[in-house]
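Student: Single-letter residue listing:
4 protein chains.
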Amino acid sequence: MKKIGVLTSGGDAPGMNATLRAVVKAGTYHNLEVIGIEAGYIGLLEGRYRNLDILDVEEIVSYGGTIIKTGRTKEFQREEGFNKALDNIKNLELDGLVVIGGNGSMKGAQKLSEAGIKVMGVPGTIDNDITGTDYAIGFDTACNIVTETVDRILDTATALVGSTPRVFVIEVMGRHSGEIAMTSTLAGSVDALLIPEQEVDYDQISANLKRKFELGKNYGIILMAEGVGKVDEISRELEMRLGFKVRETLLGHQQRGGRPTAFDRVLGSKLGAEAVNQLVKGESSKMVGVRNNVVKAVELKVVNSDKKKFNTKNYELTKMLCY
Amino acid sequence: MKKIGVLTSGGDAPGMNATLRAVVKAGTYHNLEVIGIEAGYIGLLEGRYRNLDILDVEEIVSYGGTIIKTGRTKEFQREEGFNKALDNIKNLELDGLVVIGGNGSMKGAQKLSEAGIKVMGVPGTIDNDITGTDYAIGFDTACNIVTETVDRILDTATALVGSTPRVFVIEVMGRHSGEIAMTSTLAGSVDALLIPEQEVDYDQISANLKRKFELGKNYGIILMAEGVGKVDEISRELEMRLGFKVRETLLGHQQRGGRPTAFDRVLGSKLGAEAVNQLVKGESSKMVGVRNNVVKAVELKVVNSDKKKFNTKNYELTKMLCY
Amino acid sequence: MKKIGVLTSGGDAPGMNATLRAVVKAGTYHNLEVIGIEAGYIGLLEGRYRNLDILDVEEIVSYGGTIIKTGRTKEFQREEGFNKALDNIKNLELDGLVVIGGNGSMKGAQKLSEAGIKVMGVPGTIDNDITGTDYAIGFDTACNIVTETVDRILDTATALVGSTPRVFVIEVMGRHSGEIAMTSTLAGSVDALLIPEQEVDYDQISANLKRKFELGKNYGIILMAEGVGKVDEISRELEMRLGFKVRETLLGHQQRGGRPTAFDRVLGSKLGAEAVNQLVKGESSKMVGVRNNVVKAVELKVVNSDKKKFNTKNYELTKMLCY
Amino acid sequence: MKKIGVLTSGGDAPGMNATLRAVVKAGTYHNLEVIGIEAGYIGLLEGRYRNLDILDVEEIVSYGGTIIKTGRTKEFQREEGFNKALDNIKNLELDGLVVIGGNGSMKGAQKLSEAGIKVMGVPGTIDNDITGTDYAIGFDTACNIVTETVDRILDTATALVGSTPRVFVIEVMGRHSGEIAMTSTLAGSVDALLIPEQEVDYDQISANLKRKFELGKNYGIILMAEGVGKVDEISRELEMRLGFKVRETLLGHQQRGGRPTAFDRVLGSKLGAEAVNQLVKGESSKMVGVRNNVVKAVELKVVNSDKKKFNTKNYELTKMLCY
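Protein chains in written order, with UniProt numbering: chain A, 1 to 323; chain B, 1 to 323; chain C, 1 to 323; chain D, 1 to 323.
Some hints here could point you the wrong way.
What the hints assert, rightly or not - Below, a list of computed lysine-lysine pairs in the DSSO-like style, where the Cα atoms sit at most 27 Å apart:
| hint | chain 1 | residue 1 | chain 2 | residue 2 |
| --- | --- | --- | --- | --- |
| 1 | B | 118 | B | 296 |
| 2 | C | 2 | A | 313 |
| 3 | A | 107 | A | 245 |
| 4 | A | 107 | A | 90 |
| 5 | D | 118 | D | 84 |
| 6 | B | 3 | D | 313 |
| 7 | A | 309 | C | 245 |
| 8 | A | 230 | B | 230 |
| 9 | D | 118 | D | 281 |
| 10 | D | 230 | C | 245 |
Think of the hints as simulated: they come from the structure by calculation, not from any bench.
Put together the whole structure using the sequences plus the hints.
Tutor: Following this line, the structure appears as structure tokens:
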């Protein structure tokens, strides 16, 4: 093994640069040349790449985004595009490829793998919805951003006394997953959680808020995952039941940006290095993840066929804390 | 002068606690008893108050919100309510009153003043829309929160390569004022600014973005003040002209929360102390503000009759930076 | 079981308030009265305590420190003091006690346990040096503070060009443990790590830095755990070998403060709730921890007799990243 | 005027990149070519430079450091070096030069000016010790970093109960100036301030702390500017008087790094744009600053001959707040 490629694909996630640093450092340690392919599978198709050596990654660990860009393309899924990608991998003489990204990216990685390329996946997505790893890179940073938002809203919620209680609804990311909203509920002063994994019961939420108002609390903070709907629709439902206006926040794409947390950088460092180690050991067609605090590789087949299990214990805990 | 009251009124703003600290410390320095009236004019009406001594304020300077709460009430504006407030001021034997708040609060302060109460106003509102001061307490913190959001969105904006450029629209607070949006545009990587003080020209914004896309930039970040409309309406207008989907962020009430910046705490310290100094000197019916970097008191009449002048120079600068 | 006590003891750690919230919420869920004992074992000795109900903990999750204070006292270790503590537990009619703290606190918990008190420990210390848990509450926050410091120093390190390279040495906390320094090295742009678990080789560190200078890097950032010495001594050793002045940072007690991270709050929430659950189930004389991402209880005897194992894998990874 | 140069010199300061953005955007607005000279006067001497166009600065406003590096060199002060610099300015056909930096940099700017070069200075230094401007770029960010440190130390100071009070001494930057320490004292929970502009009276500081301990406060936080000595020396003096150990923090170079605050970015934007405007208007040999909230240009002669006046009013306010 002399030369490996690395790409970041799909939605960007904070910590991808920490992962790149580890891939390059580990590659150098194993005397490999490391090629950074730009804009995900787009770069594979179009032959956009550059050498990455130690000095290229020496200062990037704190950056959001990804220095080799990420991208989305449908062309890669078509035969012609896919074959172009294979050709470029051959022309580049890559002995292995590290693919950093989310669910879609892992599917692409498996396809390349089935075409004979030595591929190792690394889970990077704020949604944390990938089977085979307890944590995906970027998730912790996103949760901290949401948590900070809840903290700030709590400041104003507790400061202002009005004739009616004030209720705030915050829409957070996660696509089909409620992981960000659920973990941020464990971390924040939150009174209700709405996630796609659980049926939404507006009546119950309103009743719980009203019970709290009677106890003397004069505000409520609600976290909702984008998977359950739009913040304005949910707010209307609650207003109907509460009888007064609720305030909305739509956090948006800032959840994908910002300085990654120490946790995401450490995770990226471990997984990036392990991905290279696995390729060097001759492994392929796997994704490195962290399971039960241990870094290990899982078959991409498993990653791509199983849906991540919902954490019922955490959900129960949110109910206790929201009560 | 033996005893003064202090209250925070209207929308809370980060730095109000720093102001309270200064009022209490300056009061103590002048051998005054300081009474904290709770929930703004509500506390005056209902006789809700407590003593504030040095130890009560020794640790509050970093807190968001306000330890004596703020509030909004219409009752105070009616004769009966207003008279109750006057009675309570007399019963409390207050020789002076410091009112920390925004435009509405300064109007209430003037009314009390006209009824013979020695009142000194302090401008506290993130909107920074008060005549008589270059900066209101809380504004700098709000701008930093918006700026951080723009930074984070920039991370993902620059990281992801797609078939179309990505455009992000961020709605920020300010009521009828565009100050937060305008100052945050000077501070951030922003491509267009929409504020109520200027006519909104969607065609020109779209044309400018397209020009930038042709230069090679593949994203755009737009800041809009709530005074120009709702983020979803503005986004639809832009989508029509750009031909692709734009992403929305509605920052919401988090702009009022969080640890105040050093600037807002220093401002609150200066104005809070000066408010007491002015009362001790026998001044009344004024608001202390910072003009041209100098702390001075302005007649509440002037504060409440003049509209804050729009900063044309700053607006011209945003156009240069957005270009 | 009708009534439990909770205390925070030893060095404070960010996330202790999140833990308290969970203890009170879980206690309420199980219909228990929860008594907050103040200032750790001092409060047990002196009978200082107060009731904690849901509204007392509704807004504390974001606070640093601990609302019931923590403390250190030698009196508790003496027979007389210890007996007073036992008496107070009896007088308070506590059916169980949750002790949140570090190694010293767990020893105290075991002693109470041996005297017949139902005790459940929760690991809270930034040092992360407690056996029986992969993570102690507060550690993640401390690592993020150190990481932010490294990021900031990197900014100036890379900005300034001088005639000699610039080397920065940062002393971080951890007592006898190098965990904070080691994890922050995985997370940051660090060139050398000095920890008490490994022999310090100044010659090798200097040689590695010189090699990097020759590659074109003109600065170096070094993390040292307080367990290896004082930052000024270590700096002198390095200056002798490098031939130029190095810059020092002594981070100090700020590593124990600040808004806890989402991770520490989630950890505190899980462990706090589980501690109550365990007591309710009749368990005692244990510490709840998180092992391999699963919350479980370990015998206090084991916690207090075994030294936490050094993570050799992480250390190897730091060497790869620092190279 | 067709072509201007820009350089950042001396100690780097957060906000320098915002200033560069504004210089390039304003230059482009005036149809000027903008040349970024690298590493301050070093780049002038060695002819290291590169073109800067709009896309080069579109994303830099949030970065710490400076993308064209800064530097210090004694060669520029010698005749031979200075003449090389003049030659390079001629060879580059620069019609004007913007110099961003601190006191030393302004002296160099004046020298170039006296040799016939059209130069405009911009004050950038965290120390805020430059005559002719109320605020230098970078100062606000440094004060926020110090303030955050004080906040964190307050968390642990208030959390831990011990047999003796806990006193924390924090050494901050500022060279011969106490501005950072003084402003951060206005912003934080600080009990004593030591700055070079005022005589240090250890006895009085200790007496004030003891008075506060008697009031019931069991900790103290002290800010000292590096201009008064080393944190360990000052700590020994205090320990002698207090009779117990004090804790030390040496903040170090992190005060120069990190994401610049909105204030510093806005200031950099205004001053950078105005520097270009002034050059275009034919002005030279001046420094643009902000005085009384108005941007204006001051003669470099004045900047370099007068010492910045100490703000006595702010100092008096610190005494009131520390009491």
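Student: Give a verdict on every hint.
Tutor: To see whether the hints hold, each was checked on the structure:
1. B:118 - B:296: Holds - the C-alpha atoms of residue 296 of chain B and residue 118 of chain B are around 17 Å apart, at most 27 Å.
2. C:2 - A:313: holds (25 Å)
3. A:107 - A:245: Roughly 44 Å between the alpha carbons, so the hint for residue 107 of chain A and residue 245 of chain A is violated.
4. A:107 - A:90: holds (20 Å)
5. D:118 - D:84: holds (17 Å)
6. B:3 - D:313: holds (25 Å)
7. A:309 - C:245: violated (54 Å)
8. A:230 - B:230: holds (15 Å)
9. D:118 - D:281: OK: residue 118 of chain D and residue 281 of chain D at ~11 Å, within 27 Å.
10. D:230 - C:245: The given pair, whose Cα atoms are some 16 Å apart, holds under the 27 Å limit.
In terms of the numbered hints stated before, the structure departs from hints 3 and 7, listed from lowest to highest.
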